[in-house]
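Each chain, written out:
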Amino acid sequence: MQLSNAVAVLGQFPVLAGADLTVHRGEIVLLQGPNGAGKTSLLRLFAGLLPLARGEGTVLGCDLRTNRESIRKRVGLLGHANGLYADLTVTENVRFWGATVGATSAEVDAAMVRMGLAQRLAKVPVSKLSAGQKRRTALACLVARRAELWLLDEPHAGLDATGRDELDATLREATAVGATIIVASHELERAGALATRLVEVVGGQIREKAGSGGSSASAAIDESA
Amino acid sequence: MFRTARLVAAKDLRIELRSRVVTNQVLPFAAIVMVMFAFALNTDAVVERVAPGLVWLATLFSLLILVQRSFAIETADGATDAMRAAGIDPAGIFLGKALALAAELAVLEIVLLATAVILYRQDLRASGVVLLVSTFLAATIGLALVGTLYGGLAAGVRGRETLLPLLLLPVVAPVLIGATRATEAALGTAGAVVADGWPWLGLLGVFVALFSVGGTLAFGPLIEE
Amino acid sequence: MTDNAVTHQQVIAAAASPAPTVAGTGQRRASASGTPFTRALGIATIIAMAVLLLFGLFLSPADVVQGESVRILYIHVGTVWVAYVAFGMTAISSAAFLWKRTTSLTWDRIAGASAEVGVLFMALTLFAGALWGRLAWGKFWVWDARVTTTAFLFISYIGYLAVRGLGGSHQQRGRRSAVVALLAVLEIPLVHFSVKLWRGLHQDSSVADTTHVKLHDLMLFSLFLALVAFTLLYAWLVIHRQRVMAMQDALDDKGLDYALQQRRREGDL
Numbered sequence: 000m001q002l003s004n005a006v007a008v009l010g011q012f013p014v015l016a017g018a019d020l021t022v023h024r025g026e027i028v029l030l031q032g033p034n035g036a037g038k039t040s041l042l043r044l045f046a047g048l049l050p051l052a053r054g055e056g057t058v059l060g061c062d063l064r065t066n067r068e069s070i071r072k073r074v075g076l077l078g079h080a081n082g083l084y085a086d087l088t089v090t091e092n093v094r095f096w097g098a099t100v101g102a103t104s105a106e107v108d109a110a111m112v113r114m115g116l117a118q119r120l121a122k123v124p125v126s127k128l129s130a131g132q133k134r135r136t137a138l139a140c141l142v143a144r145r146a147e148l149w150l151l152d153e154p155h156a157g158l159d160a161t162g163r164d165e166l167d168a169t170l171r172e173a174t175a176v177g178a179t180i181i182v183a184s185h186e187l188e189r190a191g192a193l194a195t196r197l198v199e200v201v202g203g204q205i206r207e208k209a210g211s212g213g214s215s216a217s218a219a220i221d222e223s224a
Numbered sequence: 000m001f002r003t004a005r006l007v008a009a010k011d012l013r014i015e016l017r018s019r020v021v022t023n024q025v026l027p028f029a030a031i032v033m034v035m036f037a038f039a040l041n042t043d044a045v046v047e048r049v050a051p052g053l054v055w056l057a058t059l060f061s062l063l064i065l066v067q068r069s070f071a072i073e074t075a076d077g078a079t080d081a082m083r084a085a086g087i088d089p090a091g092i093f094l095g096k097a098l099a100l101a102a103e104l105a106v107l108e109i110v111l112l113a114t115a116v117i118l119y120r121q122d123l124r125a126s127g128v129v130l131l132v133s134t135f136l137a138a139t140i141g142l143a144l145v146g147t148l149y150g151g152l153a154a155g156v157r158g159r160e161t162l163l164p165l166l167l168l169p170v171v172a173p174v175l176i177g178a179t180r181a182t183e184a185a186l187g188t189a190g191a192v193v194a195d196g197w198p199w200l201g202l203l204g205v206f207v208a209l210f211s212v213g214g215t216l217a218f219g220p221l222i223e224e
Numbered sequence: 000m001t002d003n004a005v006t007h008q009q010v011i012a013a014a015a016s017p018a019p020t021v022a023g024t025g026q027r028r029a030s031a032s033g034t035p036f037t038r039a040l041g042i043a044t045i046i047a048m049a050v051l052l053l054f055g056l057f058l059s060p061a062d063v064v065q066g067e068s069v070r071i072l073y074i075h076v077g078t079v080w081v082a083y084v085a086f087g088m089t090a091i092s093s094a095a096f097l098w099k100r101t102t103s104l105t106w107d108r109i110a111g112a113s114a115e116v117g118v119l120f121m122a123l124t125l126f127a128g129a130l131w132g133r134l135a136w137g138k139f140w141v142w143d144a145r146v147t148t149t150a151f152l153f154i155s156y157i158g159y160l161a162v163r164g165l166g167g168s169h170q171q172r173g174r175r176s177a178v179v180a181l182l183a184v185l186e187i188p189l190v191h192f193s194v195k196l197w198r199g200l201h202q203d204s205s206v207a208d209t210t211h212v213k214l215h216d217l218m219l220f221s222l223f224l225a226l227v228a229f230t231l232l233y234a235w236l237v238i239h240r241q242r243v244m245a246m247q248d249a250l251d252d253k254g255l256d257y258a259l260q261q262r263r264r265e266g267d268l
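Protein chains in written order, with numbering that gives the first Met the number 0: chain F, 0 to 224; chain R, 0 to 224; chain B, 0 to 268.
Among these hints, one or two may not hold up.
[What the hints assert, rightly or not] Straight-line C-alpha distance at most 20 Å; calculated DMTMM-like pairs for lysine to aspartate or glutamate:
| id | chain 1 | residue 1 | chain 2 | residue 2 |
| --- | --- | --- | --- | --- |
| 1 | B | Lys195 | R | Glu224 |
| 2 | F | Lys72 | F | Asp62 |
| 3 | F | Lys72 | R | Asp195 |
| 4 | F | Lys127 | F | Asp167 |
| 5 | F | Lys72 | R | Glu223 |
Don't read these hints as lab results, they were simulated from the structure.
Here the structure is a predicted model, which means the values were calculated and not measured.
Required output: the full structure, derived from the provided sequences and hints.
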């Protein structure tokens with residue numbers, strides 16, 4: 000996927016001010032940057048949710064200007080909100096979101112096992128869950144979708160140590176079968192270890208960290224840590 | 000499209016069965032409205048004469064609340080966004096939510112009709128049953144369709160509580176007129192005969208036909224960013 | 000919100016100072032929405048209105064039945080004509096905006112400008128109609144299908160204008176309001192038909208049809224004049240309003256350029 004000089008606007012405010020970024024298949028890209036830098040907007044742009052005001056962009060071969068609806072089926076987005084229904088149980092939520100994109104019940108069950116939800120929590124209404132447990136549920140909904148491009152906005156927020164391990168393992172598995180992942184996270188130690196590349200978002204623009212690759216990404220983390 | 004509609008409708012109805020907002024809050028509201036009408040209209044004769052109209056007026060007021068509720072579930076935790084992000088067919092969402100809303104409305108209308116029989120001394124007669132049932136069916140579907148359509152537009156925007164009635168009430172005027180006249184004919188209010196009701200049912204049919212097609216086409220562009 | 004307010008101020012300041020990229024033509028166009036054509040149109044409108052006043056108030060005779068009150072009709076008929084033309088224009092422009100081959104924000108702005116003018120004239124229509132009704136029939140309002148549909152149009156297009164004001168990008172505004180305008184095209188005939196059917200079943204059908212005005216030639220001419228004068232006024236208002244909207248949109252875009260610069264500078268800190 001590729002963006003060149005992408006500008007996106009919320010209201011009259013340019014959340015993205017000419018972003019250039021190229022991501023290759025199988026990469027795990029970590030977006031970092033201060034609050035309000037445009038990380039979330041970048042993810043929403045990739046998901047085909049935010050229209051491109053200026054510039055060009057392609058995701059999975061689809062033009063973001065003309066064809067952003069057709070990207071959505073192949074992309075999985077975990078935003079700030081979890082998109083869960085408070086009155087339904089964990090299982091019902093994962094089932095619903097899985098079913099809407101045609102996942103089989105076996106895939107749904109596997110996703111729940113993957114995120115450690117198959118046991119005690121399965122029948123609990125989402126309204127009774129803690130923030131971290133809700134996040135796990137939302138991740139399970141995402142896992143059930145088998146997207147080609149995963150867009151994760153602060154996925155580690157609220158997760159405990161096991162949750163994070165499960166998430167990381169899930170993401171590695173996904174890339175192993177050809178998925179591409181873009182993560183926005185403030186938790187550099189956790190996400191940095193995972194990422195193959197580190198990208199800095201500042202003022203709605205992209206600053207590529209020099210020398211991509213896992214090792215240099217961790218090096219960059221050491222500097223900032 | 001229909002698979003999505005079924006999923007969304009089942010989800011909405013399940014949430015309703017769990018939370019019981021309609022049964023515990025909207026039904027009592029509609030009932031008290033029926034009592035208040037009697038206070039305002041004072042004499043028994045007047046109330047008995049206008050009972051069918053009051054049933055449908057109370058339905059319209061309740062419709063506004065039901066539509067708000069229907070979309071509050073979606074916007075509470077960003078599910079509307081998640082649906083768009085998942086590339087779920089907007090036509091399916093539209094029909095599904097309209098179906099669930101129609102089911103809730105139907106329950107409400109039965110209670111209101113019972114209230115009219117008890118409080119406003121309306122008589123159900125065998126000759127009018129077919130007209131009565133088809134009128135309620137057509138009006139319910141029509142109201143659910145336009146309610147969902149404009150509810151989707153108003154969902155997630157500033158001032159949605161006030162925008163919805165402004166947009167919705169003018170549109171449902173034909174349903175109010177048609178359903179009231181047909182119900183009068185079916186119940187024999189003020190000596191109306193059943194035969195008078197059929198043209199009105201035709202009007203409701205046209206309404207349903209127009210807005211089922213128009214709504215299915217228009218819903219997507221209305222909820223898109 | 001506060002951020003927006005601040006940037007808007009700065010934008011206006013930035014737009015006022017001649018930036019090197021702004022060409023001379025841009026400067027001139029930004030100063031007013033008038034052109035020689037609209038000036039001529041404006042003068043023609045004023046003349047037509049003056050002639051209408053002359054004929055409507057002095058030269059045309061009072062009606063045999065209705066007396067002087069018939070003169071209200073010149074306003075009433077003129078404004079209702081414009082209102083319906085305006086809403087028709089909104090519908091057509093909305094369709095043109097949604098149709099891929101003709102899509103352009105200009106259509107969206109014409110639709111919006113036309114609806115605004117339509118709502119204004121619809122308000123005048125209802126007001127003048129109520130006054131006339133009081134004099135001619137003894138009541139401000141009758142439940143006639145035409146009258147009721149007009150009132151519904153009025154409310155529906157107020158709703159349309161509310162949808163236009165919801166915010167979002169210009170494209171989003173255009174798409175959303177165009178769909179709402181086309182839905183109104185579905186709605187209005189249904190309302191008209193149902194009210195007509197409703198009144199048809201009652202004895203006091205439409206009063207409007209029973210009190211026919213016997214039209215004197217001069218009266219007919221005055222009515223025709225009213226249509227011409229108000230149509231000119233409509234065209235003049237819509238052209239100007241549409242241009243002002245284009246300027247507002249351009250200002251938004253210019254504001255975006257400015258905001259983009261500001262945004263890019265964030266990274267330098």
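Comparing the hints with the structure gives:
1. Between Lys195 of chain B and Glu224 of chain R, the direct Cα distance comes to roughly 39 Å. Violation of the 20 Å bound is thereby established for this hinted pair.
2. Only pairs whose Cα atoms come within 20 Å are accepted, and Lys72 of chain F paired with Asp62 of chain F is accepted, the gap being roughly 14 Å.
3. In summary, the hint linking Lys72 of chain F to Asp195 of chain R is not supported, as the alpha carbons are separated by about 51 Å, beyond the 20 Å threshold.
4. The suggested pairing of Lys127 of chain F with Asp167 of chain F is violated, with an alpha-carbon distance near 25 Å, which exceeds 20 Å.
5. Of the pairs offered as hints, the one joining Lys72 of chain F and Glu223 of chain R holds, with about 15 Å between alpha carbons and a cut-off of 20 Å not exceeded.
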